[in-house]
Amino acid sequence: MKKSLLNLFLFASILHQVNAQRHVNIYAGYSFINPQNWNRTIEAYNFSRPWLNNSLPQIRTAKTWGFGTSGVIGKGFFLSPEFSFTRYQLSAINTPVSLAIDIKWMRGAMYLDMYPREFQLDSVTYTIRPFFRVGGGASCLLPRVRINNEFVNVDDETYKPIIWSYQLSAGVGCRIALTKRIDIAPVVLYNFMPNVNLEDFSYALNGTKLPNLKDDERLNNFIFFMSLSVRLKNDNIFEN
Amino acid sequence: MERRKLLRQLLWGIPVGIVLPNLFSSCKKEALIDETPFAGKVIVIGAGASGIYAAHLLMKQGVDVTILEASNRIGGRMMANTSFADFPIEMGAEEIHGKRSVLYDLAAFVAPENLVEHTGKDFYWMNNLLRDEQNLLSQSEYAGEVETMFQLIDSLGTYPEENKLLSQYLVDFPLIPSLHPIVNALVANEYGSSNNRIGMLALKEAEAGYSSGDESFGLNGISYWQLFEYAFSDAIGKVVLNEAVKTIDYSGSIVRVKSIHGVEYVADRVLVTIPLTILKNNSIEFLPALPSEKLQAIQSIEMGGGIKITIKFTSPFWDPDTQSILGASIVPEYWVTAADKTSNGFYLTAFIMGESADNLALLSENAAIQELLSELSTLYPNGNVQSLFSGEFLYKNWANEPYIGGSYSYPSINSAGQRENLASSISNKLFFAGEATNYDGHLATVHGAMETGYRAAIEILNA
Chain A
0 MKKSLLNLFL FASILHQVNA QRHVNIYAGY SFINPQNWNR TIEAYNFSRP WLNNSLPQIR
60 TAKTWGFGTS GVIGKGFFLS PEFSFTRYQL SAINTPVSLA IDIKWMRGAM YLDMYPREFQ
120 LDSVTYTIRP FFRVGGGASC LLPRVRINNE FVNVDDETYK PIIWSYQLSA GVGCRIALTK
180 RIDIAPVVLY NFMPNVNLED FSYALNGTKL PNLKDDERLN NFIFFMSLSV RLKNDNIFEN
Chain B
0 MERRKLLRQL LWGIPVGIVL PNLFSSCKKE ALIDETPFAG KVIVIGAGAS GIYAAHLLMK
60 QGVDVTILEA SNRIGGRMMA NTSFADFPIE MGAEEIHGKR SVLYDLAAFV APENLVEHTG
120 KDFYWMNNLL RDEQNLLSQS EYAGEVETMF QLIDSLGTYP EENKLLSQYL VDFPLIPSLH
180 PIVNALVANE YGSSNNRIGM LALKEAEAGY SSGDESFGLN GISYWQLFEY AFSDAIGKVV
240 LNEAVKTIDY SGSIVRVKSI HGVEYVADRV LVTIPLTILK NNSIEFLPAL PSEKLQAIQS
300 IEMGGGIKIT IKFTSPFWDP DTQSILGASI VPEYWVTAAD KTSNGFYLTA FIMGESADNL
360 ALLSENAAIQ ELLSELSTLY PNGNVQSLFS GEFLYKNWAN EPYIGGSYSY PSINSAGQRE
420 NLASSISNKL FFAGEATNYD GHLATVHGAM ETGYRAAIEI LNA
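Protein sequence lines, in the order shown, are assigned to chains A and B. Here the first sequence is numbered in numbering that gives the first Met the number 0, starting from 0 and rising by one per residue. Here the second sequence is numbered in numbering that gives the first Met the number 0, starting from 0 and rising by one per residue.
If you're looking for bench data, these hints aren't it; they were derived computationally from the structure. Computed from a predicted structure; not experimentally measured. Glycine included, every Cβ here is placed at the ideal spot set by N, Cα and C. Among the hints, erroneous ones may be present.
As the list claims (entries may be wrong) - Each pair of labels, with its calculated beta carbon distance range:
| # | chain 1 | residue 1 | chain 2 | residue 2 | range |
| --- | --- | --- | --- | --- | --- |
| 1 | B | Gln60 | A | Cys139 | 30 to 40 angstroms |
| 2 | A | Thr94 | B | Glu161 | 45 to 55 angstroms |
| 3 | B | Pro380 | A | Asn45 | 50 to 60 angstroms |
| 4 | A | Asn148 | B | Glu228 | 29 to 39 angstroms |
| 5 | B | Leu240 | A | Thr94 | 29 to 39 angstroms |
Unchecked claim - With a cut-off of at most 35 angstroms between alpha-carbon atoms, the simulated DSBU-like pairs for lysine-lysine come out as follows:
| # | chain 1 | residue 1 | chain 2 | residue 2 |
| --- | --- | --- | --- | --- |
| 6 | B | Lys120 | A | Lys159 |
| 7 | B | Lys340 | A | Lys159 |
| 8 | A | Lys159 | B | Lys59 |
Generate the whole structure from the sequences, applying the supplied hints.
Written out as structure tokens, the structure reads:
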């Protein structure tokens with residue numbers, strides 16, 4: 000399922016690259032997540048090791064970066080394949096023990112951006128178009144736990160899982176034309192991953208599993224980002 | 000036209016309506032410990048690893064704790080002799096198993112310079128020859144069988160759903176009989192028992208859950224117990240010694256614990272961390288009686304005898320790289336006590352569990368030592384073992400230890416799935432911890448006992 004979604008995404012991307020009118024987008028922002036079981040695992044680590052002066056913080060926010068393209072597929076409808084990268088880094092330094100969690104999160108997604116004419120917010124200076132975004136894609140999470148710069152082992156194997164998940168996304172944004180070829184767009188995007196396998200994260204961090212921890216996590220993720228778009232062709236996004 | 004526009008605007012609002020509830024639900028915190036955790040009075044019964052650690056965690060959360068210890072000392076199955084050698088000799092728990100555990104983390108934080116990894120070679124006794132693993136695997140006659148044996152040991156966590164004794168499994172497999180004592184030493188003795196007492200399904204559970212790693216660590220210059228003394232001094236200060244419990248009455252809203260001296264203690268919750276043998280012999284009366292599932296678990300899980308003997312020699316007769324000597328008939332495992340430690344002395348520790356311990360316990364201490372020296376003479380025919388024996392030894396039979404009565408619990412034939420029942424709390428008033436209640440694969444270890452301590456502490460705080 001996850002593999003076929005990824006393939007579908009890649010196929011659609013290629014098609015899009017070949018046929019669509021191109022706008023190149025880059026963006027940066029913040030990603031907010033509250034993975035309940037991962038954070039409970041971190042709580043368990045702090046609770047069970049009260050001799051440590053510095054607690055391990057919970058997984059909450061991280062910077063995120065991305066790039067993609069978008070092209071017109073119909074009046075007010077755009078297709079935007081994007082790739083994004085988020086990195087959650089947490090650490091607790093308690094000399095001589097330094098623990099670090101590093102979760103790299105890569106996502107490929109295909110979005111349908113819809114610009115309803117009902118919501119035109121043009122001012123005298125700027126052309127402003129709110130839009131709605133829906134889509135989906137594949138996520139790849141790479142959680143790593145290191146103690147004193149050494150990857151931890153679980154059951155005598157280095158803990159380096161690759162966790163795949165599919166995701167569904169919805170969001171809202173507002174595209175503002177700065178010049179004839181350059182737009183910016185603040186966007187809030189919600190990603191839903193219904194079933195992410197935690198792959199022994201509790202064992203990696205705590206050495207055991209707590210009874211109230213599940214193997215699977217339903218992840219809700221919000222990303223707020225500011226996108227900068229350059230129109231490679233002078234196809235006015237606002238007139239389509 | 001305006002109405003149509005309004006309707007379309009409302010329609011666009013639907014996705015926002017779907018997203019917002021998720022936004023709020025994802026912000027909600029499902030914490031490990033309730034926002035208003037329990038803050039009453041807890042009595043912990045037993046001052047071993049799990050009891051002391053659980054008490055410390057509870058005290059950190061503001062809980063009023065009293066620890067009742069039946070014997071005249073703290074530490075349970077952790078006990079060190081500091082006068083026999085120029086380093087502490089562990090008479091009970093000795094190794095730190097694996098790197099990924101709360102105990103390793105404690106040692107790495109408290110005493111990193113004392114934490115040493117065992118790096119020596121293991122030697123195996125097979126067909127009247129003592130050989131290291133490399134040598135054993137390079138012997139063309141047995142190489143295939145030895146490799147099969149190691150693969151078999153590695154795959155115990157994926158054993159099929161058929162319950163039988165480990166000894167029977169080895170016969171059915173089949174594994175050549177001369178390798179059975181090595182399996183006994185590497186698996187059964189390590190779990191505190193013998194091939195003919197270990198049940199395959201329970202062993203599978205334990206092996207499948209064991210995740211802390213196969214590395215083995217020791218403490219150089221300090222004892223196990225000193226880690227606990229350093230980190231959990233607050234809980235140790237709450238221990239009442241020589242206060243064996245006679246009854247635990249949990250029929251009312253508060254729990255009444257009465258000692259054999261007639262002293263009554265009351266608490267909102269009680270954590271029972273006593274060894275399995277003490278639960279088995281009904282030394283403590285529970286009022287009302289424990290539920291049938293709990294009683295069945297107590298009866299199904301077994302705990303065997305265990306003897307540790309440390310013998311002093313005037314000079315070594317073993318290979319200088321030796322860590323352990325495995326597979327002999329009287330003592331399944333000897334190890335070099337001072338391996339990776341700073342010492343001027345030469346010591347071997349005999350680690351004898353299960354049936355071997357029961358047999359050796361029939362002899363007097365001196366007779367047992369003679370048996371061991373005789374066996375060592377067989378293992379090292381050119382070693383002059385008898386003449387190098389200093390005449391000094393330390394002998395500890397854990398089956399005779401009051402209020403403990405054995406080594407540790409092992410995966411017995413009918414114990415698969417029972418440890419969770421043993422661990423389960425009763426009426427949010429009675430909680431259970433201790434190595435035997437570890438159903439996550441780390442039974443029979445100190446870090447396993449500690450894990451049950453924090454599992455129980457969380458249960459108590461959230462109940």
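Hint by hint, which ones does this structure get wrong, listed from lowest number up? none
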